[in-house]
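Listed below, chain by chain, are the residues.
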Amino acid sequence: MNLNFLDFEQPIAELEAKIEELRYVGSDNEINIGEEIQRLQNKSRDLTESIFSNLKAAQIAQLARHPQRPYFLDYIEQLFTDFEELHGDRAFADDNAIVGGVARLDGRPLMVIGQQKGRDTKEKVRRNFGMPRPEGYRKALRLMHMAERFKLPVLTFIDTPGAYPGVGAEERGQSEAIARNLFEMSALKTPIITTVIGEGGSGGALAIGVGDRLMMLQYSTYSVISPEGCASILWKSSDKAAEAAEAMGLTAHRLKELGLIDHIISEPLGGAHRDPEMMAANLRQALLESLEIVDATPLDKLLEQRYTKLIRYGNYAE
Amino acid sequence: MNWFTKLLPSRIRTEGGNRKSVPEGLWSKCQACGAVLYRAEMDRNLDVCPKCDHHMRIGARQRLEQFLDAEGREEIAANLKPVDALKFRDIKKYKDRLTQAQRATSEHDALVVMQGTLKSMPLVAAAFEFKFMGGSMGSVVGERFVRAVNTCIEHNMPLVCFSASGGARMQEALFSLMQMAKTSAALARLNKKGIPFISVMTDPTMGGVSASLAMLGDINAAEPNALIGFAGPRVIEQTVRETLPEGFQRSEFLLEHGAIDMIIDRREMRDRLANVLAMLTRQPSL
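Just so you know, the protein sequences line up as chains E and V, in that order. Residue numbers for the first sequence follow my numbering, beginning at 445 and rising by one. Residue numbers for the second sequence follow my numbering, beginning at 775 and rising by one.
FYI, nobody ran anything at the bench for these hints, they're computed from the structure. Quick caveat: nothing in here was measured; it's all calculated off a predicted structure. Just so you know, even glycine gets a beta-carbon here, dropped at the ideal spot from N, CA and C. Careful: at least some of the hints might be erroneous.
Unchecked claim - In silico lysine-lysine, DSBU-like type, Cα no more than 30 Å apart, as pairs:
#	chain 1	residue 1	chain 2	residue 2
1	E	K700	V	K905
2	E	K680	V	K905
3	E	K684	V	K867
4	V	K866	E	K700
5	V	K893	E	K680
6	V	K893	V	K966
7	E	K568	E	K487
8	V	K869	E	K700
9	E	K684	V	K905
10	E	K595	V	K893
11	V	K893	E	K700
12	V	K861	E	K500
13	E	K680	V	K966
14	V	K866	E	K633
15	V	K867	V	K905
16	E	K500	V	K893
17	E	K684	V	K869
18	V	K967	V	K803
19	V	K861	V	K905
20	V	K967	E	K595
21	V	K893	V	K869
22	E	K700	V	K825
23	E	K684	V	K967
24	V	K866	V	K855
25	E	K684	V	K803
26	V	K869	E	K680
27	V	K967	E	K680
28	V	K867	V	K855
29	E	K500	V	K967
30	E	K500	E	K487
As the list claims (entries may be wrong) - Beta-carbon label-pair distances, calculated as ranges:
#	chain 1	residue 1	chain 2	residue 2	range
31	E	V569	V	E1030	26 to 34 Å
32	V	R818	E	K745	38 to 46 Å
33	E	A686	V	N930	31 to 39 Å
34	V	E815	E	R756	33 to 41 Å
35	V	N930	E	E721	38 to 46 Å
36	V	A844	E	P553	43 to 51 Å
37	E	S710	V	T1055	25 to 33 Å
38	E	N759	V	K866	29 to 37 Å
39	E	R552	V	R831	51 to 59 Å
40	V	T1055	E	E762	29 to 37 Å
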């Protein structure tokens, strides 16, 4: 099994392997097999298109957690210039699961904040697998208040399995840290644009995700609990994660239908990791459009709109 | 039948069935110390064990009845009912779970809100019904909470909320997550108006409720020995792979770590909250 491909992508992996083989043969052979390679490449693209046009929620959840998926720092490198990381919550520690700082997008200074998962084992541990502790949320809030003072728009990027469930995190008030961010962000006097770039895991995601615009990458997810957690509580078995994913409707497409998010950002065929440059370009485009929208609204009206949007969440009968 | 009963003539033998002569619900047992308690005495003692001071879980309506003055209570947003917008189904349908919970509790959803007075001070009080799907926060809970806040703003009166909840309601998926943002946004408005909000956390206050409205009080209080936290103890144990310290995530632990202002015995709840609220609203001593 090719580990660069997910289980449901294996037919594509097999085709790609065949193409590689032919290329190898082609390079030390007189016969022209370019035509055959071209034919197989078309076939591979068609197959990818057909598989990706009909993905299940659980498969999208796999893509959202793909080990090769671009992370926040990858986008920082590709999208922004002049990035200066700002560290620490000024009270306890610097949490490496949340990265924040000032940067420029097309020359315009902004505050950028996002969760970072880490690529190799060492980095994963350093980033705590993207699971922030209270000091991470408090750092994020400190930077948001700074942005408010210097009139910089805030861009946040969500990619976390959730807030860290640990002894120290509880001792230092994980609940309060999350609650405080929701409270403050709801009335922060500067525009906030949030993009879910990978996994949007529950309160730990929302804690940097309250704002004026909420966007999701096409194969990112956003949910109240992980599919595994939901399955083990409601189905009493974590094997039912696929069913739980479907039932919760955690995909961008479904959440857009339900009116919970503002915009879906298209991913390259096969997912963001297949073409990170194209993904970054799409993201840049969407961020610029969102900035244009919030720029066009006076701040007091923007805050009123933000409040109204938050207050309208929910379904009930009267 | 043991050897002794076998020896007895049959007319002296008593059948086991006869023993059930005590009417049900007259006596109860304290879950903490095992003391057998007389129901009427428990009522007088607000469901706190007279032997060991264990605070038993109580329903939302009972909570508000013992907290508010008897006169002039009016329920807010009682007409709101939950809907199953997602057609959510796990091993049971959400719709059926709702019906079941509604039958078991006689409530439409897990939060009850009342406008009333505390020692003649007008205020709004909200209480979670833990028996309604674990006091979970879905759209109705969020909306009722916001209406409670709006009533407070409209009449310039304080808000008190007694929470008892496992967290967000999974069956409403992302809608319930957004209730965290919604209730917090409403509290930010209340805060800006200079109106006090007192959050009283009771056993248990976890997950999305603790990580939103419950931790946002001007004063955060808790009943003794209530379980309060973000992640459940079992999840933490599985993550860190060590046994948790005694008293972890209990009220006393939170007080020690600076997360709450005070622990209040239920039998002193009215006195202490009235005292604090009178000062925060700059009224003469009661």
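Which numbered conditions among the earlier hints are violated in the structure presented, ordered from lowest to highest? 1, 5, 7, 10, 11, 13, 14, 16, 18, 21, 22, 23, 25, 27, 29, 32, 33, 34, 35, 36, 37, 38
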